[in-house]
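K.L.:
Chain by chain, the residues:
Protein chains: 2
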Amino acid sequence: QGSPAMYGLIGKMTAKPGQRDSLIAILLEGVSGMPGCLSYIVAQDPKDADAIWITEVWETAASHKASLSLPSVQAAIAKGRPLIAGMDAGTETVVVGGHGLVKS
Amino acid sequence: QGSPAMYGLIGKMTAKPGQRDSLIAILLEGVSGMPGCLSYIVAQDPKDADAIWITEVWETAASHKASLSLPSVQAAIAKGRPLIAGMDAGTETVVVGGHGLVKS
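Chains G and B, in that order, are what the protein sequence lines are.
Its first residue numbered 1, the first sequence is counted upward by one per residue in our numbering.
Its first residue numbered 1, the second sequence is counted upward by one per residue in our numbering.
Pulled out of the complex, with its shape left as it was, chain G reads as follows (with noise of 0.2 Å):
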């Protein structure tokens, strides 16, 4: 694989009951424009009415850690946080590839 090794996150973040869907706008609200950001996609899980699955691809983990200071997305974060009841550590993965790797 040619181009160097992209930086990705499959996390599952759990919403405070009945906060899902409003925890998921916020998560969406912020998604586009993300320097560095290849993918960044927000699911429920169906067997889980508070889970929220995030799946993310970065060019670098170090655009994803700049993402973070991102004024929108620490507003994201802010009004997000009283939402959220509980994250998983998360999975890092190295991204070979794919469909579906869009630059911000």
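Just to be clear, a hint being listed does not mean it is correct.
Which copy is meant is left open, so a pair is good if it fits within one copy or across any two.
Stated by the list, open to error - In silico DSS-like links for lysine-lysine, alpha-carbon gap of 27 Å or less: (1) Lys65 with Lys12; (2) Lys12 with Lys47; (3) Lys47 with Lys16; (4) Lys103 with Lys16; (5) Lys47 with Lys65; (6) Lys79 with Lys65; (7) Lys12 with Lys103; (8) Lys47 with Lys79; (9) Lys16 with Lys79.
Keep in mind the hints are simulated off the structure, nothing from the lab.
Assemble the complex: chain G is given as a structure, and chain B must be docked to it using the hints.
P.N.:
Just chain B now, with coordinates in the frame of chain G:
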């Protein structure tokens, strides 16, 4: 969320020892041009030399199911099967939205 929910899959595949790179190459060969596929990303697990993470988004569960009988996918399955040591059951999700959802 106006658009109908999409079908997502998060799965972990284990290659036979030393076969991960070959298996990933096979997975990536047939990845473009699958009708209904909005995202198909293949990654290595940095903590397990044999583990592959595959995260997918399809317009519908039906388009995903139909893809399994595409000649290109059948060929990839046949080629890849001898290199596969195991596959977890995978997590099905209901995808709400995000960045990097691209019609094939």
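K.L.:
None of the hints should be skipped; say for each whether it holds.
P.N.:
Do the hints match the structure? See the list:
For the homomeric pair lysine 65 and lysine 12, the shortest alpha-carbon distances inside one copy (18 Å) and between copies (25 Å) are both at most 27 Å. When the C-alpha separation of lysine 12 and lysine 47 is checked against a cutoff of 27 Å, the pair qualifies both within a copy, at 13 Å, and between copies, at 19 Å. For a Cα distance limit of 27 Å, the shortest separation of lysine 47 from lysine 16 inside one copy, 16 Å, qualifies, whereas the shortest one across copies, 31 Å, does not. When the C-alpha separation of lysine 103 and lysine 16 is checked against a cutoff of 27 Å, the pair qualifies neither within a copy, at 33 Å, nor between copies, at 33 Å.
In this assembly of identical chains, the alpha carbons of lysine 47 and lysine 65 lie at most 27 Å apart only when taken from different copies (20 Å versus 31 Å within one copy). For the homomeric pair lysine 79 and lysine 65, the shortest alpha-carbon distance inside one copy (19 Å) is at most 27 Å, but the shortest distance between copies (38 Å) is not. In this assembly of identical chains, the alpha carbons of lysine 12 and lysine 103 lie at most 27 Å apart whether taken from the same copy (24 Å) or from different copies (25 Å). In this assembly of identical chains, lysine 47 and lysine 79 lie within 27 Å of each other by CA distance solely inside one copy; the values are 26 Å within and 33 Å between copies.
Taking CA atoms no more than 27 Å apart as the test, lysine 16 paired with lysine 79 passes inside one copy only; the shortest distance there is 14 Å, against 45 Å between copies.
Checked against the numbered hints above, the structure breaks only hint 4 and satisfies the rest.
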